[in-house]
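Chemist: Sequence:
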Amino acid sequence: MDELVIAGAKLVTPQGVRETDVLIREGRIARLGRAHRPRAAFSAQGLILLPGAIDAHVHLALPVAGTRSADDFATGTLAAAAGGVTTLIDFAYGYRNSIQRLHPYLGNTAVGMTARYISQGADLDGKSLMNASGWGFGLGLLIPFPHDLRIGLAAQDLGGTKVEHESGLSETVFDSHYRLGLAYKPVEG
897 MDELVIAGAK
907 LVTPQGVRET
917 DVLIREGRIA
927 RLGRAHRPRA
937 AFSAQGLILL
947 PGAIDAHVHL
957 ALPVAGTRSA
967 DDFATGTLAA
977 AAGGVTTLID
987 FAYGYRNSIQ
997 RLHPYLGNTA
1007 VGMTARYISQ
1017 GADLDGKSLM
1027 NASGWGFGLG
1037 LLIPFPHDLR
1047 IGLAAQDLGG
1057 TKVEHESGLS
1067 ETVFDSHYRL
1077 GLAYKPVEG
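Residue numbers (my numbering): 897 to 1085.
Heads up, some of the hints might be wrong.
[Stated by the list, open to error] Derived DEER-like restraints, expressed as beta-carbon distance ranges:
no.: 1; residue 1: G948; residue 2: R914; range: 17 to 25 Å
no.: 2; residue 1: I944; residue 2: A970; range: 26 to 34 Å
no.: 3; residue 1: K906; residue 2: A978; range: 32 to 40 Å
no.: 4; residue 1: E922; residue 2: I944; range: 19 to 27 Å
no.: 5; residue 1: A970; residue 2: Q941; range: 30 to 38 Å
no.: 6; residue 1: A937; residue 2: R964; range: 37 to 45 Å
no.: 7; residue 1: R921; residue 2: L943; range: 17 to 25 Å
no.: 8; residue 1: A949; residue 2: L928; range: 34 to 42 Å
no.: 9; residue 1: V960; residue 2: A936; range: 40 to 48 Å
no.: 10; residue 1: P947; residue 2: D898; range: 36 to 44 Å
no.: 11; residue 1: A978; residue 2: E922; range: 22 to 30 Å
no.: 12; residue 1: D898; residue 2: A977; range: 14 to 22 Å
The hints are simulated quantities; they were obtained by calculation from the structure and are not laboratory data. Heads up, the beta-carbon is just placed ideally off N, CA and C, and yes, glycines get one too.
Generate coordinates for the entire structure from the input sequences, incorporating the hints supplied.
Modeler: Below you can see the structure in the form of structure tokens.
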């Protein structure tokens, strides 16, 4: 069994700061508190241990005006990890064959990835989108197409991170018709 203890760290959580050991087993936090004879240990005495940050708005390898955004999946995720960001939600347009566009990048990231799609009737379904992105995804809806709303609701059922609706429907109408918990972001201007 793969185990590591981060010993004596000042752990920062929403509940406050405390000095403790962190037992990591099989790549996941298994326990906080005094560790019993670990196989491997890292002394973090005097160091601060923070949870990884989530960047919910990145553009990796995004085609823009005949070029691509500066970072691809490898360089963008390495830069994120260097800054303490452990999860990215990538922005990607939901055009036809956009899921296939992600295939070359799968497994070539330094941190956890999700894909975020703006959908206007693209050939997306929740299951294939989830398989392409690995951990989860968000879906932005520009216009309330019934097909796209079904994809968004399926996304939540499959572990999608969020669904945004940007057509100006009132939050009350949107939530009462489609399900509570969907993020609402009105278009300004």
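Chemist: Now tell me if each hint is right for this structure.
Modeler: Results for each hint:
1. Separation of G948 from R914 is about 18 Å and conforms to the stated range, judged on CB atoms against 17 to 25 Å.
2. In this structure the supplied range 26 to 34 Å holds for I944 paired with A970, their Cβ-Cβ distance being about 28 Å.
3. Checked against the given bound of 32 to 40 Å, the beta carbons of K906 and A978, roughly 21 Å apart, lie outside it.
4. The hinted window of 19 to 27 Å between E922 and I944 holds, with their beta carbons roughly 25 Å apart.
5. A C-beta distance of roughly 34 Å is found between A970 and Q941, which places it inside the suggested range of 30 to 38 Å.
6. Roughly 43 Å separates the CB atoms of A937 and R964, a value that falls within the hinted 37 to 45 Å.
7. In this structure the supplied range 17 to 25 Å holds for R921 paired with L943, their Cβ-Cβ distance being about 21 Å.
8. About 20 Å separates the C-beta atoms of A949 and L928, a value inconsistent with the hinted range of 34 to 42 Å.
9. Checked against the hint of 40 to 48 Å, the pair V960 and A936 passes, with Cβ atoms roughly 44 Å apart.
10. Here the CB-CB span from P947 to D898 is close to 21 Å, at odds with the stated 36 to 44 Å.
11. The hint said 22 to 30 Å for the Cβ distance between A978 and E922, and at roughly 25 Å that hint holds.
12. At roughly 20 Å, the beta carbons of D898 and A977 sit within the given window of 14 to 22 Å.
The structure fails to meet hints 3, 8 and 10 from the earlier list, while all remaining hints are met.
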